[in-house]
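Asker: Numbering (my numbering), first residue to last: 9 to 173.
If you are wondering where the hints come from, they were derived from the structure by calculation, not from laboratory data. Be aware that a few hints might be false.
[To be verified] Quick list of in silico lysine to any residue cross-link-like pairs, SDA-like style, CA-CA up to 20 Å:
{"no.": "1", "residue 1": "Lys77", "residue 2": "Lys168"}
{"no.": "2", "residue 1": "Lys74", "residue 2": "Ser114"}
{"no.": "3", "residue 1": "Lys74", "residue 2": "Gln144"}
{"no.": "4", "residue 1": "Lys150", "residue 2": "Asn86"}
{"no.": "5", "residue 1": "Lys74", "residue 2": "Ala129"}
{"no.": "6", "residue 1": "Lys74", "residue 2": "Ile131"}
{"no.": "7", "residue 1": "Lys147", "residue 2": "Thr80"}
{"no.": "8", "residue 1": "Lys150", "residue 2": "Gly140"}
{"no.": "9", "residue 1": "Lys127", "residue 2": "Gly112"}
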Amino acid sequence: MLRSTSKLIGLTSVRSIYTTAPRLQSSTDKKISSQVEPTKGEITPNDIVSGAPKDLTVTRVVRIYKEAKYATQSGERNTDFWRIDWDVLTKGNRWENDLIGYQGSSDYMQGTRLTFDTKEAAIRFAEGQGYGYYLQEPKVRKFKKKQYATNFLHSTGPLKHIRTK
9 MLRSTSKLIG
19 LTSVRSIYTT
29 APRLQSSTDK
39 KISSQVEPTK
49 GEITPNDIVS
59 GAPKDLTVTR
69 VVRIYKEAKY
79 ATQSGERNTD
89 FWRIDWDVLT
99 KGNRWENDLI
109 GYQGSSDYMQ
119 GTRLTFDTKE
129 AAIRFAEGQG
139 YGYYLQEPKV
149 RKFKKKQYAT
159 NFLHSTGPLK
169 HIRTK
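Build out the structure end to end from the sequences listed, making use of the hints.
Answerer: The following block contains the structure:
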């Protein structure tokens, strides 16, 4: 059936359309690929294409920081990432609910927190969005190695008096 339709249409080879062989690059493909190469180093401000209001994109300041280890947990998973959060606006757009006392705000960016793998990625995001930023470097933890056996070492001075009651 396939042969009979190819004779009617005038196709010489139907198999050439459905081949798995790699396609050779033609001269038109070379012209297109040379024209579409992206420029490196140029950062287009995202506020042009984001559609966000101007007062949020131009005057906002973000804080870039690395979160500290939780005091109630022994894990350090939250210290692996860099975070961005927005400063509170001082335009008086906060209010308090009279009945319950909850705080309200019309600033939807105040509750937003973004996570990045590296500090450079967070800075690149803030610069691309047109936000001002300040960086808080994490404090280095000083860890003293302690051993339980040091409690029982001999000391030449007076003994410590420990009260249990």
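Asker: With reference to the structure, classify each hint as holding or not holding.
Answerer: To see whether the hints hold, each was checked on the structure:
no., hint, in the structure
1, Lys77 with Lys168, "violated (34 Å)"
2, Lys74 with Ser114, "violated (27 Å)"
3, Lys74 with Gln144, "holds (7 Å)"
4, Lys150 with Asn86, "holds (18 Å)"
5, Lys74 with Ala129, "holds (13 Å)"
6, Lys74 with Ile131, "holds (13 Å)"
7, Lys147 with Thr80, "holds (18 Å)"
8, Lys150 with Gly140, "violated (32 Å)"
9, Lys127 with Gly112, "violated (31 Å)"
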